[in-house]
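Asker: The lines below spell out each chain.
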Amino acid sequence: GQQVMQIPQYQHVQEGEDFTTYCNSSTTLSNIQWYKQRPGGHPVFLIQLVKSGEVKKQKRLTFQFGEAKKNSSLHITATQTTDVGTYFCAGRLSSNTGKLIFGQGTTLQVKP
Amino acid sequence: EAQVTQNPRYLITVTGKKLTVTCSQNMNHEYMSWYRQDPGLGLRQIYYSMNVEVTDKGDVPEGYKVSRKEKRNFPLILESPSPNQTSLYFCASSPFSRGTLNTGELFFGEGSRLTVL
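Protein sequences, first through last, are from chains A and W.
Note that our numbering has the first sequence beginning at 1, numbered continuously upward.
Note that our numbering has the second sequence beginning at 113, numbered continuously upward.
This is chain A alone, in the form it adopts within the complex (with noise of 0.2 Å):
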């Protein structure tokens, strides 16, 4: 079926280096989302990404979308121990399904 890769599952950073996580679908995407989810919490979104080659920045954070709408990359720059926690990647397959396909996550942990 169709599937949502994405590494690595863990980061071990310094506080101040950057990070990055990747997915990447076997199939073309409609759409992507980023969600952040802390120790012991829920899933919260960050944002989605529509358009073929997209990037979009939070603050530290850049949201990239591949050409081919097949995979996204999400990077921080100079972590903080404000972003511990996991990172997952969301795609959708189109814009008519309510199928939302997550990757497996990548856990975030920065060493003050």
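By construction, these hints were calculated from the structure, which means they are not laboratory data.
A hint or two may mislead.
Taking lysine-lysine and the BS3-like style, the derived pairs with C-alpha atoms no more than 27 Å apart in a straight line are [to be verified]:
no., chain 1, residue 1, chain 2, residue 2
1, W, Lys-181, A, Lys-99
2, A, Lys-70, A, Lys-99
3, A, Lys-70, W, Lys-169
4, A, Lys-111, A, Lys-59
5, W, Lys-183, A, Lys-99
6, W, Lys-181, W, Lys-130
7, W, Lys-169, A, Lys-99
8, W, Lys-169, W, Lys-129
9, W, Lys-177, A, Lys-99
10, A, Lys-36, W, Lys-169
Guided by the hints, dock chain W onto chain A, whose structure is given.
Answerer: Here is chain W on its own, set in the frame of chain A:
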């Protein structure tokens, strides 16, 4: 306050004893969905509903039932729970509408941690 409310938050039960996890949202969202979260597997969709009386299977529907008799509620039913259904369950709702490119962002409940012995 806009929210998705799940109950119970924690439950320990035994194999075969039917249980229902309730989910209610107060945002008038048409779309609701259930996910289970297991270590290393991310969030897997169990069932979703695009509107009242309309439900569809997600990726892992086996062993689960749902109903959508009214817009705000979307209960998850485990008719005969088994140990492999031990998991963290999330209900979510969204303003998603079919055929549009609106954000369709998911609003998640706090989660229900279920243990089946």
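Asker: Each of the hints needs a verdict: does it hold here or not?
Answerer: Against the structure, the hints:
| no. | hint | verdict |
| --- | --- | --- |
| 1 | Lys-181(W) <-> Lys-99(A) | holds (20 Å) |
| 2 | Lys-70(A) <-> Lys-99(A) | holds (16 Å) |
| 3 | Lys-70(A) <-> Lys-169(W) | holds (24 Å) |
| 4 | Lys-111(A) <-> Lys-59(A) | holds (21 Å) |
| 5 | Lys-183(W) <-> Lys-99(A) | holds (19 Å) |
| 6 | Lys-181(W) <-> Lys-130(W) | holds (20 Å) |
| 7 | Lys-169(W) <-> Lys-99(A) | holds (9 Å) |
| 8 | Lys-169(W) <-> Lys-129(W) | holds (23 Å) |
| 9 | Lys-177(W) <-> Lys-99(A) | holds (17 Å) |
| 10 | Lys-36(A) <-> Lys-169(W) | holds (25 Å) |
In summary, the structure agrees with every hint in the numbered list given earlier.
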